[in-house]
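Visitor: Each chain is listed here by its residues.
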Amino acid sequence: MASVMKTAAQTETEAAEWLARRDAGDWDDADQSALDLWMEESLSNKIAFLRLESAWNMADRLRASALNPVDVEVDSEVEPGAEIVELPRRPVLARVPKWIWPSAAAAMLALIVVPFAMRTEPAQVYSTPVGGFQDLPLADGSRIELNTDTQLSVDFSDDERRVRMSRGEAFFEVAKDEARPFVVQAGDYRVIAVGTAFSVRYTGNDIDVAVTEGKVRVEGPARTDGTLETAFVSAGQIADAEATQAVVRPAPAGEIDRSLAWRDRLLVFDNRPLGEVAAEFNRYNQQKLVVDQSAVGVMVDGTFKPGNIGGFVRLLDQGFDVVAERTPDGRILLRVRR
Amino acid sequence: MDPHDRWFVEQVLPLEGALSAYLRRVWPDPAEVDDLRQEVYVRVYKGAQRKRPPATNHYVFAVARNLLVDRLRHRRVVHIDLVADLESLNVLSNELPPDRVLSGRQELARLERAMSDLPDRCREAFVLRKIEGHSQREAAQLMGVSQTTIEKHIGKAMRILASSFFGNGETQASADEKDDGECDENRSAN
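Those protein sequence lines, which keep their order, are chains A and B. Sequential numbering from 95 applies to the first sequence in the numbering used here. Sequential numbering from 40 applies to the second sequence in the numbering used here.
What the hints contain is simulated information worked out from the structure, not anything from laboratory work. Treat each hint with caution, since some may be false.
To spell it out: a stretch of chain A is covered by chain B in this simulated footprint if at least three of its residues, at any positions, have a beta carbon under 8 Å from a beta carbon of chain B; those stretches are [stated by the list, open to error]:
1) 114 to 124
2) 146 to 154
Residues from chain B that keep clear of chain A, each with C-beta distances beyond 12 Å, as calculated [claimed, not checked]:
3) Asp109
4) Leu111
5) Leu135
6) Asp159
7) Glu163
8) Gly172
9) Leu181
10) Gly183
Bear in mind the structure is a predicted one, so any value in this text is a computation, not a measurement. Even glycine gets a Cβ: it sits at the ideal position worked out from N, Cα and C.
Please take these sequences and the hints and turn them into a complete structure.
Guide: This is how it looks when you write it as structure tokens:
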């Protein structure tokens, strides 16, 4: 077969021939130059050689262990006290490098000029259905992106730009205007910005605020003594607020990117339990998933289109041994295959 | 050893078993898996040359997935029963091996298993050369074969050893190696 590309097997065979010939002895400078030349021919050659060579060199360990049979004895003895601790085999929790996903932060840097409709009428209401998404340019140059199942109203006055969020999640890119603070009201919480970019997710009880640019102030509900719980959240931080408590913590860049992946119409999970993942899918789909107790702990890692429940279920079936069944009320039950 | 080569050998190659298993799971044609793996290696080696990724395992699997996506896009015909959608190429969390360097003990265990994977004549040549420390010439005399033959046994042993050491017994290659019976064929020639 006249193929331009060598197959991996051909490359490996050649590498083995070189290595075995070198191992045979009588290896001189001319041989070495010929080998060098072969390795420079392609990176694939070099890698194949490196791989065989390192395993071959590693095999010297066997000789050392054969020469010190005592060590080997100790190895095979079952002696609980002297047991060597194996490194844990659970999937590693290391962060996926940021560059794998479309970086929301990078997208932020691109200045997008969008023609906008003048929105002068007070308290205009905007909403998205389950699975929906809306990009909303505002009259002042700010921009709101509404995620699935979200409802908010926009009310601009001379001294304040107010957005009332009744449910859902939205990302705000706020045009600077010192005279008119941008206030997102969600229940009893207020998130106040001057010029910045941040997202608010409101579930009805608590809000999550992730800031990608600048700084916002989060105000909690008024306490009985009339004072407010306030917290400042800066770029790279996430605030989780529940009742009158707001917890502000620095968030790794990857986490903020992940939490904003919906802006690219993606769901990104970094080793999350299936229970949580299913709840996330349910935000975007009328077809709801329920997770059986047997499967809540299955860990999911990957990037998904929120609307592709079929693909997700198929993936679970192929790789996780999780099967899907339709329940009498039309939901999809996920459970571990018996 | 060049530091980049060392990184590749110590951090990337031990992922081989998991990588091959992933490729075999998601790629419709098992005959292409070894070539894909080699292509992943080339891309990983090249890609990490400028800047070493913080988590090798995630990087290697991301490169693998991207390669498969590229391949699917460039295929003229995608069979309907092959890969349903790009999502199915996602790496499952349980197939992503932890990022770690093998301990000395784990290495030894893998080597011992790798050695037991060798066909008889290959193993004999291997033991004479590697464990008893004979030269290839001496091993040839002891086994009563030509030096060309011993060189072939050693070359074969090298390939099987690498596949079963780095692949941790999960690669297709070592099984294929045994099937083609080169070592046995040489035995009958003696």
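Visitor: Now tell me, hint by hint, if it's right for this structure.
Guide: Here is what the structure says about each hint:
Coverage of the region 114 to 124 of chain A by chain B holds in this model, with 5 residues showing a Cβ closer than 8 Å to a Cβ of that chain against a need of three. Interface restraint, the region 146 to 154 of chain A with chain B: holds (7 residues with C-beta to C-beta distance below 8 Å; minimum three). With a minimum CB-CB distance of about 15 Å to chain A, B:Asp109 clears the 12 Å threshold, and the non-interface call stands. With a cut of 12 Å on Cβ distances, B:Leu111 stays outside the contact zone with chain A, its closest approach being about 14 Å.
With a cut of 12 Å on Cβ distances, B:Leu135 falls inside the contact zone with chain A, its closest approach being about 5 Å. The beta carbon of B:Asp159 is kept farther than 12 Å from every beta carbon of chain A, the shortest such distance being approximately 17 Å. Distance to chain A confirms B:Glu163 as a non-interface residue, since its nearest Cβ pair spans about 14 Å, more than 12 Å. For B:Gly172, the non-interface assignment is contradicted: its Cβ lies about 7 Å from the closest Cβ of chain A, within the 12 Å cut-off.
At roughly 15 Å, the least C-beta separation between B:Leu181 and chain A is larger than 12 Å, which holds for a residue marked as non-interface. No Cβ of chain A approaches the Cβ of B:Gly183 within 12 Å, the least distance being about 17 Å, so the stated non-interface status holds.
Of the numbered hints stated above, those contradicted by the structure are hints 5 and 8, listed in ascending order.
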